[in-house]
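> As you go down the protein sequences, you meet chains Z and L in turn. Adding 609 to a residue's 1-based position in the first sequence gives its number in our numbering. Adding 3 to a residue's 1-based position in the second sequence gives its number in our numbering.
None of these hints come from the bench; they were simulated from the model. Keep in mind that the hints are not guaranteed to be accurate.
These stretches of chain L come out as covered by chain Z in the derived footprint (C-beta under 8 Å, 3 or more residues) [as the list claims (entries may be wrong)]:
| # | stretch |
| --- | --- |
| 1 | 74-81 |
| 2 | 98-111 |
With a straight-line cut-off of 27 Å between C-alpha atoms, the simulated DSSO-like cross-links for lysine-lysine are [to be verified]:
| # | chain 1 | residue 1 | chain 2 | residue 2 |
| --- | --- | --- | --- | --- |
| 3 | Z | K797 | L | K91 |
| 4 | Z | K613 | Z | K918 |
| 5 | L | K279 | Z | K921 |
| 6 | Z | K918 | L | K279 |
| 7 | Z | K891 | Z | K797 |
| 8 | L | K279 | Z | K818 |
No residue lacks a Cβ here, since even glycine has one placed at the ideal position from N, Cα and C.
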Amino acid sequence: MGFKRFIAYLGALALLVALPFLIEGYPLHLVNISGIWIILALSLGLIQGYIGEISMGHAAFFGIGAYSSVLLTMNTGVSFWLALPAAGLVTMILGYAIGLVSLRLRGPYFAICTLAFGEIIRLIFINWRELTQGPDGITGIPSPSPIPLPFGETLSFSSKEAGYFLIYALVCLTIFVIYRIVNSRMGKAIMAIREDQDYAECMGINTMKYKRMVFSISTFFAGLAGCIFAHYMHFISPYSFTIGQSFDLVIMVIVGGMGTIIGPIIGAVILTLIPELLHAIKDYRLLIYGLMLMLIIIYFPHGIAGILKDLKDRCFRDGKKLGVNHGPAGS
Amino acid sequence: MLLQQLTNGFILGCNYALIAIGLTIIFGILNIINLAHGEIYMLGAFVAFFLVTLWEVNFFIALVIAAISMGILGIIIERLVFRPLQGKEEINYFIVSVGLLIFIENGALLLWGTEPRSMALPYASQIVRFGEVIVTAQRLYTVGIAILIILGLHFFIQYSKMGRAMRATEQDREGAMTVGIGINEISSFTFALSSALAGAAGALMGSLFIIQPMMGFSPLIKAFVIVVLGGLGSILGAIVGGLILGMTEVLGAVYISSAYQEVYAFIILILVLLFKPRGLFGKR
Numbered sequence: 610m611g612f613k614r615f616i617a618y619l620g621a622l623a624l625l626v627a628l629p630f631l632i633e634g635y636p637l638h639l640v641n642i643s644g645i646w647i648i649l650a651l652s653l654g655l656i657q658g659y660i661g662e663i664s665m666g667h668a669a670f671f672g673i674g675a676y677s678s679v680l681l682t683m684n685t686g687v688s689f690w691l692a693l694p695a696a697g698l699v700t701m702i703l704g705y706a707i708g709l710v711s712l713r714l715r716g717p718y719f720a721i722c723t724l725a726f727g728e729i730i731r732l733i734f735i736n737w738r739e740l741t742q743g744p745d746g747i748t749g750i751p752s753p754s755p756i757p758l759p760f761g762e763t764l765s766f767s768s769k770e771a772g773y774f775l776i777y778a779l780v781c782l783t784i785f786v787i788y789r790i791v792n793s794r795m796g797k798a799i800m801a802i803r804e805d806q807d808y809a810e811c812m813g814i815n816t817m818k819y820k821r822m823v824f825s826i827s828t829f830f831a832g833l834a835g836c837i838f839a840h841y842m843h844f845i846s847p848y849s850f851t852i853g854q855s856f857d858l859v860i861m862v863i864v865g866g867m868g869t870i871i872g873p874i875i876g877a878v879i880l881t882l883i884p885e886l887l888h889a890i891k892d893y894r895l896l897i898y899g900l901m902l903m904l905i906i907i908y909f910p911h912g913i914a915g916i917l918k919d920l921k922d923r924c925f926r927d928g929k930k931l932g933v934n935h936g937p938a939g940s
Numbered sequence: 004m005l006l007q008q009l010t011n012g013f014i015l016g017c018n019y020a021l022i023a024i025g026l027t028i029i030f031g032i033l034n035i036i037n038l039a040h041g042e043i044y045m046l047g048a049f050v051a052f053f054l055v056t057l058w059e060v061n062f063f064i065a066l067v068i069a070a071i072s073m074g075i076l077g078i079i080i081e082r083l084v085f086r087p088l089q090g091k092e093e094i095n096y097f098i099v100s101v102g103l104l105i106f107i108e109n110g111a112l113l114l115w116g117t118e119p120r121s122m123a124l125p126y127a128s129q130i131v132r133f134g135e136v137i138v139t140a141q142r143l144y145t146v147g148i149a150i151l152i153i154l155g156l157h158f159f160i161q162y163s164k165m166g167r168a169m170r171a172t173e174q175d176r177e178g179a180m181t182v183g184i185g186i187n188e189i190s191s192f193t194f195a196l197s198s199a200l201a202g203a204a205g206a207l208m209g210s211l212f213i214i215q216p217m218m219g220f221s222p223l224i225k226a227f228v229i230v231v232l233g234g235l236g237s238i239l240g241a242i243v244g245g246l247i248l249g250m251t252e253v254l255g256a257v258y259i260s261s262a263y264q265e266v267y268a269f270i271i272l273i274l275v276l277l278f279k280p281r282g283l284f285g286k287r
């Protein structure tokens with residue numbers, strides 16, 4: 610089993626490295642964009658699947674990362690490689706502050722409170738014209754600065770292929786960090802809180818501390834995604850960070866499957882690629898998303914990851930039906 | 004000037020209260036936060052618009068038809084979307100209503116596009132003067148009807164058999180079941196009532212402002228703020244909260260900045276959630 614698994618990982622890695630040599634142009638661009646959505650969905654999945662709360666303002670953190678990195682590189686001339694962690698940190702600090710307020714609430718109240726913060730931040734993007742250039746957005750954002758290599762060569766990041774490697778390196782980093790968090794002591798604590806906050810508190814878990822920590826880490830990755838998005842697209846405007854994007858993210862995580870790492874990845878890939886692959890449904894994208902969200906919540910509360918796991922259990926465990934027991938959605 | 008602004012705030016507040024009451028009774032009785040409430044409001048506005056412009060129906064009759072048709076839609080929604088989730092965690096209701104919101108809004112966008120429409124009512128621009136204060140006739144009608152609906156609702160909930168059953172369910176769900184109140188009927192009826200209120204509010208606001216498929220979201224958020232401010236489940240709270248928000252927005256836009264008009268509601272929301280989470284008239 611261990612060997613099989615090793616081969617599977619190796620194959621996935623080989624495919625990941627080979628992908629930009631197999632496709633080019635617009636399809637590669639789509640793969641890159643879905644990579645950015647994977648980072649975002651994973652970071653939201655940390656809040657939704659592990660803290661067990663629905664955050665409806667996540668696109669705002671995406672936007673804070675994007676704007677802070679753009680302002681740093683374009684106004685003060687800081688290199689992209691310094692602006693990337695800086696953008697993450699700035700977002701994390703703001704995320705911590707917002708978490709401080711909103712994490713005191715639970716359930717729908719938390720959701721609406723984060724939605725309110727998201728909208729406030731979006732309105733600041735639109736109205737603080739001196740800084741953000743308002744609804745027109747900021748154009749001409751430079752690509753990540755090239756890295757000098759020995760022998761006088763430089764590693765340039767202006768092509769889509771380079772963008773691919775940068776984005777998917779970040780995707781791998783995100784997966785690794787989130788995997789480590791979920792399987793750490795902190796992960797155990799946060800899952801205990803998700804299952805029963807009052808009980809966890811009785812067990813001596815400092816619930817607010819862990820919730821704030823996980824929330825801040827989640828916003829850190831949203832900030833990184835924002836930074837890379839800005840420097841890859843070369844253009845940002847407040848319309849990239851609206852409640853529509855926040856809802857998209859919530860749907861990605863729920864459709865993919867809450868409380869898993871693979872779930873948000875599946876959700877992000879499916880929801881960014883399907884409307885592009887099936888042009889006929891492109892206009893009906895959001896109509897279908899809404900319907901999908903309702904059907905998933907009513908019939909498959911563990912999302913696609915849950916469906917896959919159920920199928921696997923049915924096929925491989927001699928028909929013995931094992932319930933999937935993760936994620937806060939099921940009761 | 005100030006008196007005129009306060010009047011405008013009052014008119015806005017009455018309409019907000021009407022939307023918020025629908026949201027608050029669903030929450031109070033069924034413990035469901037229905038984010039699709041604003042979309043029903045939007046559909047109500049469209050029903051009234053089509054009746055008035057295409058079939059030249061009298062506005063007041065269109066208003067009644069809008070309310071009734073939205074009530075029926077409410078029953079359908081409850082049966083198809085919310086009933087299957089009975090007994091599951093509360094947050095599932097909330098997420099499913101987000102799905103419904105996205106579905107209805109985008110369905111309406113596909114059907115009717117983004118172009119703004121407005122009802123051209125012949126008497127709408129007649130002006131009524133009270134001393135220094137100027138109000139258009141349509142606004143006056145709107146406020147009058149909103150107040151009538153709210154009063155009617157109060158007497159209905161206080162004195163009718165159904166109203167008593169609803170209050171009993173609100174106070175103690177199991178207790179209500181043991182004395183023979185059908186929870187499913189109450190659930191259907193609550194949705195019907197709440198959606199009819201939203202439909203009526205949509206028709207009223209649609210007669211004053213522009214009608215388009217995205218018009219439902221902002222009033223929804225405001226209604227939610229009002230409901231939290233007034234105390235979840237409290238009808239009196241929804242009225243007072245509606246008036247407070249209406250006044251705050253109008254005065255804030257005049258004396259602070261109109262660019263952030265939407266933000267005032269959110270600031271009120273965050274402050275209330277932090278310092279007085281039960282709201283002004285909340286019981287629990």
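> It remains to establish, for every hint, whether it holds in the given structure.
Hint check:
no., hint, in the structure
1, 74-81, "violated (count 0)"
2, 98-111, "holds (count 12)"
3, Z/K797 to L/K91, "holds, 24 Å"
4, Z/K613 to Z/K918, "holds, 18 Å"
5, L/K279 to Z/K921, "violated, 49 Å"
6, Z/K918 to L/K279, "violated, 44 Å"
7, Z/K891 to Z/K797, "violated, 41 Å"
8, L/K279 to Z/K818, "holds, 23 Å"
This entry does not satisfy hints 1, 5, 6 and 7, going by the numbered hints stated previously.
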